Amino acid sequence: MASEPTKLNVLMCGSGEYTTGWVGTGASKSDKKIGVVGLTLFDLRRLGKVDKLGMVGVNGGKFPAIRQHLAENIGWVYKDMDLSFEEYPKQGKVDPEAYKVAIDEMQPGEAVIIFTPDSTHYPIALYAIEHGMHVLVTKPATQLLSHHNDLIAAARKHNVICFVEHHKRFDPVYSDAKARVAALGEFNYFNAWMSQPKSQLETFRAWAGKDSDIRQSSYYLSSHHIDICCWILQDIAVPTRVVASAATGIATSEPYNCVPETEDTITLLVDWQSIRSPRHKGTAAYTASWTAPLKAGVHSAQHWYYMGEKGDISVDQAHRGYDVTVDDTGKTWYNPFYMKYSPSESGHFDGQRGYGYISIEKFVDAARSVNAGLTNPDEYDVHGLPTIANTVLTTAILNAGRISLDEKRAVGIKKDGDTWVLE
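When we follow the numbering used here, the leftmost residue of the sequence shown carries the number 125, and every step to the right adds one.
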């Protein structure tokens, strides 16, 4: 029987840049200096949607510095922010499986949000789902298509929602562009570029080329626009073949010295087959780099181009017609449509309209609705939301790209019954 939604208890897995803005030596130098996940959940608690919070890391010794960072940059900046959370592991211990301890203390119907290195997404998400938790996992959901399929099956078995945090689906420009594609006929060509400056190698050096598998730049960056392309082409075309190519040499040299396997820039060339017309085929080129120049005025340079049968669309996500020039630092392009960090007139956090915030709030609202019996988890698959089922082709393309790089061959994508597989 349906009831009014109650407040949601949430566990944050990952205590780094996207969760808190803390990167071990201080605040991040990126556009996420005070994080996204923690700030959003603290505000959702202020607004009555969230109750108890927990945070999991690997090294419990970092939490005093993290708490001080949050107090100085959130608690002292915005009014009425309750920054309390339970920490794991406790007492300064080091425990890479502390998430199990935290989840074991939770109740079915509570939620887990995962922002951890790529190789840990699957085991944490599966453990949470099997314990009856609703899950929001950062992109890429998994490194392997088989693991993604496992999470689809597990979420259905345990009747919980599992979303992937593809926040660009909530960018009003992107969602408007998706709607306009419907009038452009058959798909023909898509090109996407996304890069971050070489300084990001300092943040991710410990696991670049190891845990990220596609050496970070493609899994971490290209997943954004691969997902947007898959979302736009839903019910229009499906991917059939992937060929990948990579540039190397910068990340592995001084002063970054990443592991030898680390790639700098990766391009995936993907063939798409029209669902409605056997004659129509399209191609897409997705390029991602984390060795872009420093001081380019944007943290993430990103743009994409779509050409259909009857027209085209071009989006420059990095330059929104809003730039600020300061003597010491030069010109910077800001994107408050993502996260607005300046307080409101009353002194409260004022970023509720940012698509970084909306992405997390949508998940919280869905979990509360399911818990109240107002909706069923499978209903969200039909609304174009980034559920684990709706994002399977993104993982298929990324996984195929990694295989193509490693084995120097084209990789096919096909549907075997109801399941997507690689060949």
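In short, the hints are calculated from the structure, not lab data. Among the hints, erroneous ones may be present.
In silico EDC-like links for lysine to aspartate or glutamate, alpha-carbon gap of 16 Å or less [stated by the list, open to error]:
(1) Lys186 with Glu210
(2) Lys176 with Glu210
(3) Lys419 with Asp447
(4) Lys538 with Asp447
(5) Lys131 with Glu196
(6) Lys176 with Glu211
(7) Lys464 with Asp447
Everything numeric in this text was worked out from a predicted model, so none of it was measured.
Okay, the hints, checked on the actual structure:
no.: 1; hint: Lys186 with Glu210; result: holds, 14 Å
no.: 2; hint: Lys176 with Glu210; result: holds, 8 Å
no.: 3; hint: Lys419 with Asp447; result: holds, 14 Å
no.: 4; hint: Lys538 with Asp447; result: violated, 44 Å
no.: 5; hint: Lys131 with Glu196; result: violated, 27 Å
no.: 6; hint: Lys176 with Glu211; result: holds, 12 Å
no.: 7; hint: Lys464 with Asp447; result: holds, 14 Å
The structure shown violates the earlier hints numbered 4, 5.
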